[in-house]
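A.B. asks: If you read the protein sequences in the order shown, they are chains R and Y. So for the first sequence, the numbering used here puts the first residue at 1; every next one is plus one. So for the second sequence, the numbering used here puts the first residue at 383; every next one is plus one.
Any given hint could turn out to be false.
So these bits of chain R aren't anywhere near chain Y, every CB distance computed over 10 Å [what the hints assert, rightly or not]:
hint	residue
1	Asp39
2	His92
3	Pro132
4	Glu181
5	Ala263
Chain Y is faced by these chain R residues, among others (derived, beta-carbon under 10 Å) [to be verified]:
hint	residue
6	Asn127
7	Tyr142
8	Ser145
9	Ala146
10	Tyr153
11	Thr156
12	Val194
13	Ser195
14	Leu249
15	Val251
16	Cys348
In short, the hints are calculated from the structure, not lab data. Quick caveat: nothing in here was measured; it's all calculated off a predicted structure. Ideal Cβ placement from N, Cα and C applies to all residues, glycine included.
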Amino acid sequence: MSNAVSIAVAGVAESDLGQVAAGMSPVDLMAQATVRALDDCGLKLSDVDGIFCASAQVRFGPMVLAEYLGIQPKVFDGTQIGGASFMSHLAHARAALEAGLCDVALIAYGSTQRSVSRSSASPPDFNPYETPFRPMMPASAYALSASRHMHLYGTTREQLAEVAVAARQWALLNPAAWEKEPLSIEQVLQSRVVSWPLTVRDCCLVVDGGGAMIVTRSDRAKTLRRPPVHVLGIGEALGHNSISNMPDLTVTAARESGRQAFARAGLAPRDVKMLSLYDAFTITPILFLEDLGFCAKGEGGPFVAGGAIAPGGRLAVNTNGGGLSYCHPGMYGLLAMIEAVRQVRGECGPRQVPGCDVALAHGNGGVLSSQCTVLFGSAATH
Amino acid sequence: MKSPLTLYQEHLGRGELAYQVSDGRPVFFPRVAAPGTGSTDLAWKVSKGEGAVYATTVAHYKGEPPLNIALIELDEGFRMMSRVEDIPAESVRIGMRVRLRVLPASEGRAALPVFVPVRP
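Produce the entire structure from the sequences given, and follow the hints as far as they go.
C.D. replies: Shown next, in the form of structure tokens:
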């Protein structure tokens, strides 16, 4: 199955993260990360002939980034489906690379939402059937899902908090993480309630940041500076847009994206050594563990309990500290993939998962709306 | 021609919660074409305004009392965002039976369909 996929990640990098220098723009961060990712793999800017990017602050992403970098790309894509956009970009880059439409694809992201405030970085759409009720978006949408999951399956507040605590424990092993202090379940539960049942510690960070990824066909990636990380399978799925139109608030389109990704890779959940699961809120990794097949529907709460996804647990999830404790610059999907790539390379130091030959990165966008899954593998799995 | 939103809000102005039906299936939010089929043969109906809470949350805005936000499953088979009034926001429970109450338009806000508990 995996022979159908012949592209690999050659270079990755983060931009500055957290609180960036005054006056930096989202495109400055994209360009900064691009230069670093090119340096990571040893390619030049003039080698890039495909541009894929999105940011809530940059309406015409590929135009803006191509102008900034001085590139006339043969292929470009500005798909904007929220935090999962970059997994979708990777899927579209794969199609372009396999078709020979371009040779070196750049995927980039940048956000200055902490510097300029989230409300100005990402103003919500007006929905006449939802906005008048004043949901605190996006938190209230995820809270509605959590309420339903708790009602149907007995998922507890403490189990949700386990996700935040595990993320924090991983973040303490990552020098690039925003959060630097330990966090307990009690602290999560006693934090300010944002949208019940979610407290502020159940919600992802609001910080600046960005990243870049350089992708080529596998044969070329093998000749470059870093060990190639092969893209074994990708799945993309769209569910609803608004939370009141989500068919079942406890089942996401990750079922479909995961099914596609595993089928194309010829792999199963038991083959995966590490997961980057988009943790916009503590309920989301629980939903994705279920929908991607790592546990049965409704068992995500017990699955994460007892430090099971923390360092030393049974399954390594969000080893960078995730959107909850490492970095969530508005859309987190590219950073989630970068961590999975680094784990497969084996360069994660104290947080490295031993023998990480297969890693999964799952992106989520909107209000559990867009779902994209990528399986990355080492040369041995290709 | 009037837009689906205009027709919906005209119903609300009369104290009615309107939805559409196409091929026997309820459609909400109102549209110019039915999802899945594209049929423009969408009939407007008025809901009986009775249903149950499907999901619930309580938003905490600084300096304001807690605000309930709920998804309501109407007995006709469609779901919508609203809130449950007359009880504390945190007392709203999934499965609770509720009945429509339309708040009249005021100060530039369109009429608003909220719900109240059905007392047994």
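A.B. asks: For each hint given before, does the structure comply? Return the numbers of the non-compliant ones in rising order.
C.D. replies: The structure breaks hints 3, 10, 11, 15, 16; every other hint is satisfied.
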